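Chain B with the ligands: place on chain A using the hints.
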Amino acid sequence: MSILVIAEHDNASLKAASLNAITAASEIAGYLDQAEVHVLVAGHQCAAVADAAAGISGISRVLLADAACFEHQLPESVAPLARDLAGSYSHVLTPATTTGKNLMPRVAALLDVAQISDISAVESADTFVRPIYAGNALATVQSADPVKVITVRITAFDAGGDGGTGEIENCEIVVDQDLSIFVDENLSVSERPELTSAKVVISGGRGMQNGENFVLLEKIADKLNAAIGASRAAVDAGFVPNDMQVGQTGKIVAPELYIAVGISGAIQHLAGMKDSKVIVAINKDAEAPIFQVADYGLVADLFKALPELEQAL
Amino acid sequence: MKIFVAVKRVVDANVKVRVKSDGTGMELANAKMAMNPFCEIAVEQAVRMKEAGQADEIVAVSIGPQVCQEQLRTALALGCDRGILVIDESDVAPLQVARILKALAEREAPDLIILGKQSIDSDNNQVGQMLAAIAGMGQGTFACKAELAPDCTNGGTKGRIVVTREIDGGEQTVSLKLPAVVTTDLRLNEPRYASLPNIMKAKRKPIDRLTPTDLGVDTASGLKTLQVLPPAEREAGIIVETVDDLVGKLKSEARVI
Ligand SMILES: Cc1cc2nc3c(=O)[nH]c(=O)nc-3n(C[C@H](O)[C@H](O)[C@H](O)COP(=O)(O)OP(=O)(O)OC[C@H]3O[C@@H](n4cnc5c(N)ncnc54)[C@H](O)[C@@H]3O)c2cc1C
Ligand SMILES: Nc1ncnc2c1ncn2[C@@H]1O[C@H](COP(=O)(O)O)[C@@H](O)[C@H]1O
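Chains as they are written, first to last, in our numbering: chain A, 1 to 313; chain B, 1 to 257.
If we strip away everything but chain A, and leave its shape as in the complex, we get:
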């Protein structure tokens, strides 16, 4: 049996997170006999996405469900589609992004199986590791279900490369539903790299005091080509938008370099960044728990340290 990866995309381009899910799928395929990895692209006028997916290394087939009913990829439409296709697959995977988390439990429930959230390692075709309790524990779970429906922690798997020559097959299924109607979307536009795939991330917390002061981080981010993140406290206080929240209930990041500024280091924040390769903490309180996970700690007032750092880079 083969493995299906549901692509994350915006009808124009394939989202980078899909590439990490494809790598997880390929790892699982390694435990199976002659399993192929296929990609489902469900959307509207999204042929370019299918072309991109067909070019990923290891992809033998792309199912393209291109119809108006899938334009906004609402789970009420896509889940029945995935359920109908899942019969030919042993595993269905997608990245553990907000899109994937919204969709996959619905797919699993329609298939009458468990869903395995946010896997960080593949042990065998039916056994996976996933963080629980804000990353304070790693659970090894085994599935006896006929189809394993999985979301993949993208920072735990490398991105699949190109070089694939998959064939594209049109899928004629359409789903008519009146449960949910798309109203609108308000997406932040940024020239910066995406938070979850950036090599360098610099995040600000309550210590930043207000949104204007994030300029201090932006100047450094410009020099390091970094993405900018935030703690929940900074988001709740309205300094920055919610899509910048790093943590247990925000985004999970694992860059080469993570710089935490004015962040105390609550477990919920650590859950989102402690797998970063190198962690730097700048905090005026030498006792802040963030220093326990930092490779390099600087005990300093951020309003003094940040301009100095910008100068020194």
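One or more of the hints may lead you astray.
[Stated by the list, open to error] No more than 20 Å apart at the CA atoms, straight line, and that leaves these computed lysine to aspartate or glutamate pairs for DMTMM-like:
1. Lys145/B / Asp285/A
2. Lys304/A / Asp245/B
3. Lys304/A / Glu241/B
[Said to hold, decoys possible] Covered stretches of chain A (in silico footprint by chain B; criterion: 3 or more residues with CB under 8 Å from a CB of chain B, positions within the stretch not fixed):
4. 23 to 35
5. 71 to 77
6. 271 to 283
7. 297 to 309
Since the hints were derived computationally from the structure, they do not count as laboratory data.
Computed from a predicted structure; not experimentally measured.
Ideal Cβ placement from N, Cα and C applies to all residues, glycine included.
Positioned in the frame of chain A, the structure of chain B with the ligands alone reads:
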């Protein structure tokens, strides 16, 4: 309108829990337990809708051992009208929780079901989506705003709920036909604390007790936990004295810039 809220008993968010040395689970014996923070936000949402005259009854549901009645009492003290406790000593998995909630929804026909987006213990983020799927409802997950609206598509007999959702790129708004499922994100509201008089009053509010069997639900799951281990510890780092020191180390030692 009748609202269901699902409240889960979990370890308090401020407790740092450890893995048991035999790898079978977490050390929770004397840990402080609480209502899952996202469920507090769900309760608050329901109570605000009732206060605004949009709902006339709020039913809080919890699934788990007897002691979950503590969290139901909290929900009642916060403004829910009655509780349903579905007693099960095992750790009921998300699909089975969803089935229990569906069975209760079939009995009681709520117009809106509000859940947290995620349990902070299992970090699953599944039940609301699963419930919506098997109950044939729309889902407004990760809500930071939820407002009732008239429905122009069916002569106004049943309304709709317009939900703004926190998504990776920003926000998305969807309009759902009622009955619907909403799951709460952190910014939906700021939950209140229960007042002492309300805590006293809550003691007299009714809690029904049932078992999954009463509802015809088998709680066996296809997923089994084999072991639970602590994550790898990070090696201790160093404190640098100056910014120049830091930049030097990042360049020559860590080689990340
Ligand atoms: C259900 C739940 C989910 C949560 N999810 C998340 C999540 O996903 N992500 C998340 O981040 N949090 C999350 N939290 C919140 C978390 O518990 C903490 O409250 C939050 O991370 C604190 O943010 P902070 O470190 O910015 O603020 P604080 O804890 O207030 O820390 C501010 C820090 O700034 C330092 N500081 C102040 N001024 C200066 C200065 N001038 N120079 C240098 N340092 C300074 C202080 O010393 C302090 O250490 C969650 C909590 C709950 C209950
Ligand atoms: N045992 C339970 N009892 C009541 N509600 C639950 C239970 N488990 C999960 N839920 C609800 O489902 C939400 C999401 O949980 P989960 O999918 O487990 O992360 C929680 O915030 C609760 O609202």
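Results of checking the hints against the structure:
Pair hint Lys145/B plus Asp285/A does not hold up; C-alpha atoms about 36 Å apart against a cutoff of 20 Å. Annotation: proposed proximity of Lys304/A to Asp245/B holds, straight-line Cα distance about 15 Å (limit 20 Å). Taking the CA atoms of Lys304/A and Glu241/B, the gap is near 13 Å; set against the 20 Å cutoff, the hint holds. With 0 residues bearing a CB less than 8 Å from a CB of chain B, the segment 23 to 35 of chain A misses the requirement of three and the coverage assertion fails.
Coverage of the segment 71 to 77 of chain A by chain B holds [criterion: at least 3 residues with CB-CB distance below 8 Å; count 3]. Residues of the segment 271 to 283 of chain A lying with their CB closer than 8 Å to a CB of chain B number 5, which satisfies the three-residue condition for coverage. Figure legend: the segment 297 to 309 of chain A, annotated as covered by chain B; annotation consistent (7 residues with Cβ-Cβ distances under 8 Å, at least 3 required).
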